[in-house]
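**Q** As a plain string of letters, each chain reads:
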Amino acid sequence: MVKASLTGSIIGNMLLVMGLSFFLGGLKFSEQKFNRTAARSSVTTLLLAAIALVIPTVFHLVAAEVPVSQGGWTPQKEQNLSLGIAFVLIGTYIATLLFSLKTHKQLFIGGSHAEAADAADGASGHAETAHVGWSKGKSIGVLLVATIFVALMSEFLVGSVEDARQKLGLTEVFVGVIVVAIIGNAAEHSSAIFAAMKNKMDLSIGIAIGSSVQIALFVAPVLVFASYAFGKPMDLEFSIPEIAAVMLSVAIAAQIAGDGESNWLEGVQLLAVYVVLGILFFFLPEVHHVATTK
Amino acid sequence: MVKASLTGSIIGNMLLVMGLSFFLGGLKFSEQKFNRTAARSSVTTLLLAAIALVIPTVFHLVAAEVPVSQGGWTPQKEQNLSLGIAFVLIGTYIATLLFSLKTHKQLFIGGSHAEAADAADGASGHAETAHVGWSKGKSIGVLLVATIFVALMSEFLVGSVEDARQKLGLTEVFVGVIVVAIIGNAAEHSSAIFAAMKNKMDLSIGIAIGSSVQIALFVAPVLVFASYAFGKPMDLEFSIPEIAAVMLSVAIAAQIAGDGESNWLEGVQLLAVYVVLGILFFFLPEVHHVATTK
Amino acid sequence: MVKASLTGSIIGNMLLVMGLSFFLGGLKFSEQKFNRTAARSSVTTLLLAAIALVIPTVFHLVAAEVPVSQGGWTPQKEQNLSLGIAFVLIGTYIATLLFSLKTHKQLFIGGSHAEAADAADGASGHAETAHVGWSKGKSIGVLLVATIFVALMSEFLVGSVEDARQKLGLTEVFVGVIVVAIIGNAAEHSSAIFAAMKNKMDLSIGIAIGSSVQIALFVAPVLVFASYAFGKPMDLEFSIPEIAAVMLSVAIAAQIAGDGESNWLEGVQLLAVYVVLGILFFFLPEVHHVATTK
Numbered sequence: 138m139v140k141a142s143l144t145g146s147i148i149g150n151m152l153l154v155m156g157l158s159f160f161l162g163g164l165k166f167s168e169q170k171f172n173r174t175a176a177r178s179s180v181t182t183l184l185l186a187a188i189a190l191v192i193p194t195v196f197h198l199v200a201a202e203v204p205v206s207q208g209g210w211t212p213q214k215e216q217n218l219s220l221g222i223a224f225v226l227i228g229t230y231i232a233t234l235l236f237s238l239k240t241h242k243q244l245f246i247g248g249s250h251a252e253a254a255d256a257a258d259g260a261s262g263h264a265e266t267a268h269v270g271w272s273k274g275k276s277i278g279v280l281l282v283a284t285i286f287v288a289l290m291s292e293f294l295v296g297s298v299e300d301a302r303q304k305l306g307l308t309e310v311f312v313g314v315i316v317v318a319i320i321g322n323a324a325e326h327s328s329a330i331f332a333a334m335k336n337k338m339d340l341s342i343g344i345a346i347g348s349s350v351q352i353a354l355f356v357a358p359v360l361v362f363a364s365y366a367f368g369k370p371m372d373l374e375f376s377i378p379e380i381a382a383v384m385l386s387v388a389i390a391a392q393i394a395g396d397g398e399s400n401w402l403e404g405v406q407l408l409a410v411y412v413v414l415g416i417l418f419f420f421l422p423e424v425h426h427v428a429t430t431k
Numbered sequence: 138m139v140k141a142s143l144t145g146s147i148i149g150n151m152l153l154v155m156g157l158s159f160f161l162g163g164l165k166f167s168e169q170k171f172n173r174t175a176a177r178s179s180v181t182t183l184l185l186a187a188i189a190l191v192i193p194t195v196f197h198l199v200a201a202e203v204p205v206s207q208g209g210w211t212p213q214k215e216q217n218l219s220l221g222i223a224f225v226l227i228g229t230y231i232a233t234l235l236f237s238l239k240t241h242k243q244l245f246i247g248g249s250h251a252e253a254a255d256a257a258d259g260a261s262g263h264a265e266t267a268h269v270g271w272s273k274g275k276s277i278g279v280l281l282v283a284t285i286f287v288a289l290m291s292e293f294l295v296g297s298v299e300d301a302r303q304k305l306g307l308t309e310v311f312v313g314v315i316v317v318a319i320i321g322n323a324a325e326h327s328s329a330i331f332a333a334m335k336n337k338m339d340l341s342i343g344i345a346i347g348s349s350v351q352i353a354l355f356v357a358p359v360l361v362f363a364s365y366a367f368g369k370p371m372d373l374e375f376s377i378p379e380i381a382a383v384m385l386s387v388a389i390a391a392q393i394a395g396d397g398e399s400n401w402l403e404g405v406q407l408l409a410v411y412v413v414l415g416i417l418f419f420f421l422p423e424v425h426h427v428a429t430t431k
Numbered sequence: 138m139v140k141a142s143l144t145g146s147i148i149g150n151m152l153l154v155m156g157l158s159f160f161l162g163g164l165k166f167s168e169q170k171f172n173r174t175a176a177r178s179s180v181t182t183l184l185l186a187a188i189a190l191v192i193p194t195v196f197h198l199v200a201a202e203v204p205v206s207q208g209g210w211t212p213q214k215e216q217n218l219s220l221g222i223a224f225v226l227i228g229t230y231i232a233t234l235l236f237s238l239k240t241h242k243q244l245f246i247g248g249s250h251a252e253a254a255d256a257a258d259g260a261s262g263h264a265e266t267a268h269v270g271w272s273k274g275k276s277i278g279v280l281l282v283a284t285i286f287v288a289l290m291s292e293f294l295v296g297s298v299e300d301a302r303q304k305l306g307l308t309e310v311f312v313g314v315i316v317v318a319i320i321g322n323a324a325e326h327s328s329a330i331f332a333a334m335k336n337k338m339d340l341s342i343g344i345a346i347g348s349s350v351q352i353a354l355f356v357a358p359v360l361v362f363a364s365y366a367f368g369k370p371m372d373l374e375f376s377i378p379e380i381a382a383v384m385l386s387v388a389i390a391a392q393i394a395g396d397g398e399s400n401w402l403e404g405v406q407l408l409a410v411y412v413v414l415g416i417l418f419f420f421l422p423e424v425h426h427v428a429t430t431k
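Residue numbers (our numbering), protein chains in the order written: chain A, 138 to 431; chain B, 138 to 431; chain C, 138 to 431.
In case anyone wonders, no lab produced these hints; they're calculated from the structure. One or more of the hints may lead you astray.
Copies of one chain are not kept apart here, so a pair can be met inside one copy or by any two copies together.
[What the hints assert, rightly or not] Computed list of lysine to aspartate or glutamate pairs in EDC-like fashion (alpha-carbon distance at most 16 Å, straight line): (1) K214 x E202; (2) K239 x D300; (3) K242 x E168; (4) K335 x E202; (5) K242 x D300; (6) K239 x E168; (7) K242 x E202; (8) K170 x E398; (9) K214 x E423; (10) K165 x E398; (11) K335 x E168; (12) K369 x E309.
Starting from the given sequences, assemble the full structure and let the hints guide the process.
**A** Have a look at this one:
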């Protein structure tokens, strides 16, 4: 259920959190502006992550058609491929941190710098501080701790929902992608929505897209590295519905966040995609691997 | 042939109508401007529709690999999934109407408001009035009537072209996607092109993309609801070439309409994609369902 | 290996050349601007090319499921489909030349016209002249000669790397997509990078994306036409990893070049996608055709 939770967190932050933020913010403000360069940059990173997560599945689909003696698919190759991709992801993540915390930090503070000072109270205060004032080292440390905490909490959640899941007849993949993701990201939800309702869109988008970026570029590769430490190598191969969900979510997020302005309809559009994906995962039987696996 | 006509109308308006408008408008005006926010909003709605139409096919491809006893694919599930998606589409459509006719109607009238008054004659007058002056109720009523009319006309067309089709050796899917769509959307074609040649790009794009939006978000779900009333439930599962055509059309429309300006080359590019898709459907044998169906 | 070289040149110019240009240029200049309309136009042309290259594979996948007696897949049909698409591509290429050399040439010279004069020396001088001063006829002539030269050079390269390839245990597709593409495009690499480091982004992007456009819209169809002259018709059907690579490259290039500004992180993002695709092709066994081919 780990991979399903990763997928769910990525699409949940992009669609549900950003959708609710744009919708509720848009009900108060006719048009909301944000820094286009920063938003596009984050979405590009997510697109890179989505590409990276598609590749192991493309590899499986193609290589599974070839006998092993001629270089066909083996679990070992899938793991090596995934390990290589994990290094690219974590490398890009470090570059992203350098960019947003050092060389181009002004983009991410933007015009809302002045207001940021007097908004240090309230639900958004914690997240805002993270973006504005923390050192790189502290940010990374907090990220690591938060990651472990989220992983533990997710496991805890999974345990406590297992009974309910079976009684309700829900599949593991639905619970992983939808239920755990909603509960596990409750903090991001409230912070991002409160920020949007205060018209602090850079902060709101930073939390929503930033959370997806962290999960795809930091949590996913760290899980791969950790899996080697525990002697049970994990690959980055996701099921076809999962990669479809991630790719389509990035596509609509790119379309919506690419012009530096938002309104309530864009929120509805993001939420509609989330509901459509929720319907898919609700009806989907338990399939954890690509179709051609035997 | 109903689904093929839906596909054909969606891609026909986006590629052929918008392509001809940009091309012929661009021959007269070196660069044409339009309201970027309105255009992006419509394209986003189309992207949402394309995502919604991809999902039933993804469901089929994955769920068909699983035995029915373990939650595998059944026609019943496909219909329920499609019904859920139809509700999301019609809900988003209502939100889109609220947005374009009520909360943000100024975006869709734009700077061309003044000229709109003295342009109430000519081919574009009818469509312009629809966007500017009609009440929500009247608009919806006209839409309903127009939809039924188009459906009847399409059926009539299909009947009258059937003989010609067999003599020419064309497949049903080619006639549905290309021929019926061209003839069935002749009114949109002329209105949108005349508007573009008068440099009224907001109106031209409103007609072209707006027609695609109406078909995907209004006609398609209404057909699903109606199919239940007639006791022959219809699902929203399209063939792989159809969803490829819709997704690729939305991708190029998003790329072209995303910056608020057009030129003749963009018209050529849209038309080129339309011709390429036409070639595909010309060579394609009669396959109405996804590849794995037995 | 011809098709693998085409794929490699398209993605190499878009990802490696543009990535290095943005990265190295971005290290010197915090933010670099370029003409958004010109860049979007080139990317749109690439998207059209990517769509055109996807279609023969979609055709194969779907038509291979149908018996030949009912209109199923035959090599003849695939060639006819490819020939039709080749005509669309070359027609669009001619339109693109008209646009960039005649009707809208000011977009491609842009604000950098003045500086262009005093920059006629150095590594970028050659390429710059091509864009600014050459007549259409001369440009086309040079293109033709350059194309034949590149083709010959690629063949020569392929011959000389064949021994090394087998000793290193690399697959043909990896060598074609990655190694030959890097060496074969060395000239574009240095010109584009030097231009970016002089903050001449319009020129740099013109070389990088322009080279991809030339290969996809000019070299690929010319190879198809030439193959008929030699009596060994070639189709435009690429393997699934190849079309995935091209589509995903265009997607990230569209996202990055769509806003008319670049920074070093965008370079890193393009390079990261290139490395991820390199890892895929490194692990991929020799598969030249789509999965369902028997």
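**Q** At most 16 Å between alpha carbons: which applies to K214 and E423, within, between, both or neither?
**A** between (25 Å within a copy, 15 Å between copies)
**Q** Is it within, between, both or neither when you check K242 against E202 at 16 Å Cα-Cα?
**A** neither (47 Å within a copy, 49 Å between copies)
**Q** What label fits K239 with E168 when the C-alpha limit is 16 Å: within, between, both, or neither?
**A** between (30 Å within a copy, 14 Å between copies)
**Q** Treating 16 Å as the Cα threshold, decide for K335 and E202: within, between, both or neither.
**A** So K335 and E202 fail the 16 Å test inside a copy (54 Å) and across (48 Å) alike.
**Q** Tell me, please, which holds for K242 and E168 at an alpha-carbon limit of 16 Å: within, between, both or neither?
**A** between (25 Å within a copy, 13 Å between copies)
**Q** Regarding K335 and E168, is the shortest C-alpha distance of 16 Å or less found within a copy, between copies, in both, or in neither?
**A** within (13 Å within a copy, 30 Å between copies)
**Q** Cα distance capped at 16 Å. Does K239 pair with D300 within a copy, between copies, both, or neither?
**A** Close neither inside one copy (47 Å) nor across copies (47 Å); limit 16 Å.
**Q** Tell me, please, which holds for K165 and E398 at an alpha-carbon limit of 16 Å: within, between, both or neither?
**A** Classified as within: same-chain Cα gap 14 Å, cross-chain 30 Å, threshold 16 Å.
**Q** Given identical chains, is K369 near E309, meaning Cα to Cα at most 16 Å, within a copy, between copies, both, or neither?
**A** Classified as neither; 21 Å inside a copy, 33 Å across copies.
**Q** With identical chains, the pair K242 and D300 could be close in the same copy or across copies; at 16 Å between alpha carbons, which is it: within, between, both, or neither?
**A** neither (46 Å within a copy, 49 Å between copies)
**Q** Please sort K170 with E398 into within, between, both or neither, judging by C-alpha distance up to 16 Å.
**A** within (4 Å within a copy, 19 Å between copies)
**Q** From the Cα coordinates, with 16 Å as the cut-off, is the pair K214 and E202 best called within, between, both, or neither?
**A** within (14 Å within a copy, 25 Å between copies)
Hints 2, 4, 5, 7, 12 from the earlier list are contradicted by this structure; the remaining hints agree with it.
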